[in-house]
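**Q** Going line by line, the protein sequences match chains A and B. Heads up: the first sequence is residues 0 to 243, going by numbering that gives the first Met the number 0. Heads up: the second sequence is residues 0 to 272, going by numbering that gives the first Met the number 0.
I should point out that these hints are in silico values taken from the structure, not numbers from a laboratory. As the structure is a computational prediction, the values presented were derived from the model and not from experiment. Be careful, since some hints might not be right.
Estimated spans, in silico, between C-beta atoms of each pair [said to hold, decoys possible]: (1) A/Thr217 - B/Pro117: 48 to 58 Å; (2) A/Ala78 - B/Ala245: 50 to 60 Å; (3) A/Arg186 - B/Ala13: 33 to 43 Å; (4) B/Asn45 - A/Asp212: 56 to 66 Å; (5) A/Glu159 - B/Gly144: 46 to 56 Å; (6) A/Pro154 - B/Gly126: 17 to 27 Å; (7) A/Ala200 - B/Ser143: 23 to 33 Å.
Glycine included, each C-beta is placed from N, C-alpha and C at the ideal position.
Spelled out from the first residue to the last, the chains are:
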Amino acid sequence: MNDPSAEVAPWDMMAVAMARLLKSGETVFHGVASPLPMVATLLAKRLHAPDLTYLNITGSVDPQPAALPVSTVDPALLAGTRSLVTLADLFDLSGRGRLDVAFLSGVQIDGEGRINLSAIGDWKHPAVRLPGGAGSAMLMPTARRVILWRTRHDPRTFVERLDFVTAAGNVDRVVTPLGIFVRHDGRLEVESLHPGVTPEAFREATGFAVDVDERTPTTPLPSDEELAALRMIDPEGVVSSEFQ
Amino acid sequence: MIDKTTTLTEAISAIPDGARIALGGNTLHRGPGAAVHELVRQGKRNLELVKTAGAYDVDLLCAAGCVAAVSAGFIGYETPFGMAPAYRKAVESGRVQAREHACATVIAGLRAAIQGAPFMPVAGLQGSDLPAARGFRTVRDPYSGVEVYVVPALVPDAAILHVQEADATGNGRIIGTRFEDVLMAQAARRVILTAERIVDGEAFADAPETVAIAGFLVDAVVEAPGGAWPFSCTPLYEYDTDYLAAWVSAARDPDTADRFIAERILDPAAAVA
């Protein structure tokens with residue numbers, strides 16, 4: 000039997016799933032170390048959200064990069080921009096409630112959609128000092144919608160209890176290689192499983208209790224149109240760099 | 000006209016041990032690489048580094064024993080090279096204090112410094128453990144009664160910034176993203192500018208709006224071609240992937256890190272700027 004899901008790479012599934020969450024007219028922001036949000040935003044803009052405003056940490060507005068950088072603060076993301084804002088301007092935009100979507104991630108994510116990017120173990124005397132939350136502690140409570148993404152879905156990432164709460168706030172969805180969480184009444188619930196992912200596999204990979212069974216919907220596979228647009232935007236497969 | 004041009008050695012020797020230093024640029028881009036190497040060569044100690052998002056600069060200075068504390072929102076090399084191993088080890092061993100910020104609170108602290116205000120309100124932070132861990136307090140808005148987080152002024156003793164063009168009086172033109180460089184230049188007590196090239200400032204009069212850094216704020220100007228390396232400096236050069244990969248690999252172990260610094264930074268015959 001031919002399983003079509005076997006032909007879709009997890010980064011392609013994630014990029015497409017993240018793109019589908021964006022709407023035309025929204026202001027959308029990503030920061031450092033964010034290849035998947037960069038590609039997902041460009042994909043949404045090309046497909047169903049042409050009037051989305053694409054903002055990023057370089058300060059460019061709706062850039063049209065010819066070749067996508069691996070660093071998402073790269074000057075390559077300035078190509079085609081007709082204006083330039085600052086990072087301070089972008090935090091201010093979120094602070095006054097005008098940022099619709101912020102893409103953020105966490106080394107640990109709990110069942111409320113809170114994140115830890117600060118430390119494993121005690122924050123003052125950490126076993127592992129993590130990079131830090133960048134803008135997240137400010138953006139998560141102020142952006143209208145936060146979409147979390149994480150390329151690892153295992154019980155060490157999706158945990159019952161965070162070692163430190165770097166940021167908490169307006170999380171709407173969490174996209175992983177296994178599926179999509181949606182937040183309802185302050186708790187992450189399973190919205191859909193990606194094709195080929197069983198409820199058991201999803202449950203075992205998640206460190207907090209989730210309600211998932213045979214009736215849980217399946218994320219629609221990327222369409223031919225979505226995959227074709229993805230290849231146009233990211234021919235080199237920069238999105239896959241997050242899985243190395 | 001005051002000619003502020005000097006050598007890198009002179010400019011950096013004005014920075015005392017224990018100084019709070021703001022570093023320009025962001026992650027892999029337009030950081031003051033040559034000045035950072037000079038800080039290492041002069042064996043500075045107990046510096047506090049200020050930046051929204053740092054990478055090689057913070058990592059190297061931690062490995063070289065120059066740092067007591069890092070006030071930043073993010074320290075890492077982004078996807079190509081991952082976490083900053085020397086910074087990580089320095090914090091885990093207790094040698095360096097991570098004064099963790101949200102990037103927005105670094106900016107708020109700089110803004111307070113710029114305005115001569117003792118602190119700055121900042122939106123957000125609710126639900127985060129950071130305010131308690133860092134001692135960021137709230138005040139009650141006297142007009143609405145709402146509680147708001149405030150961040151104390153963050154006044155750098157010096158800002159070290161690398162720009163594409165400067166004139167001898169310190170006017171600096173930045174091509175591309177300015178990051179927090181302009182805020183740092185305004186907030187700091189002293190500003191050191193390194194520039195790819197020193198130009199005749201008369202040319203700036205044709206388009207003063209392209210000059211990001213006003214010369215009257217600047218104390219020292221150093222001509223440093225390639226002075227962002229191994230960071231990128233658009234449109235002149237990209238970040239040096241091979242060098243950074245070699246450093247990150249060496250930085251995982253203190254012995255190999257020390258050897259790397261000795262051979263590639265301290266050795267006068269080394270190619271490093």
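**Q** Hints first: check each against the structure and report whether it holds.
**A** We went through each hint and held it up to the structure:
1. A/Thr217 - B/Pro117: 48 to 58 Å: For A/Thr217 and B/Pro117 the Cβ distance comes to about 56 Å; the hint holds.
2. A/Ala78 - B/Ala245: 50 to 60 Å: violated (29 Å)
3. A/Arg186 - B/Ala13: 33 to 43 Å: violated (55 Å)
4. B/Asn45 - A/Asp212: 56 to 66 Å: holds (58 Å)
5. A/Glu159 - B/Gly144: 46 to 56 Å: violated (37 Å)
6. A/Pro154 - B/Gly126: 17 to 27 Å: Given range 17 to 27 Å: holds, Cβ gap about 23 Å.
7. A/Ala200 - B/Ser143: 23 to 33 Å: Hint violated: Cβ distance 50 Å, outside 23 to 33 Å.
Checked against the numbered hints above, the structure violates hints 2, 3, 5, 7; every other hint is satisfied.
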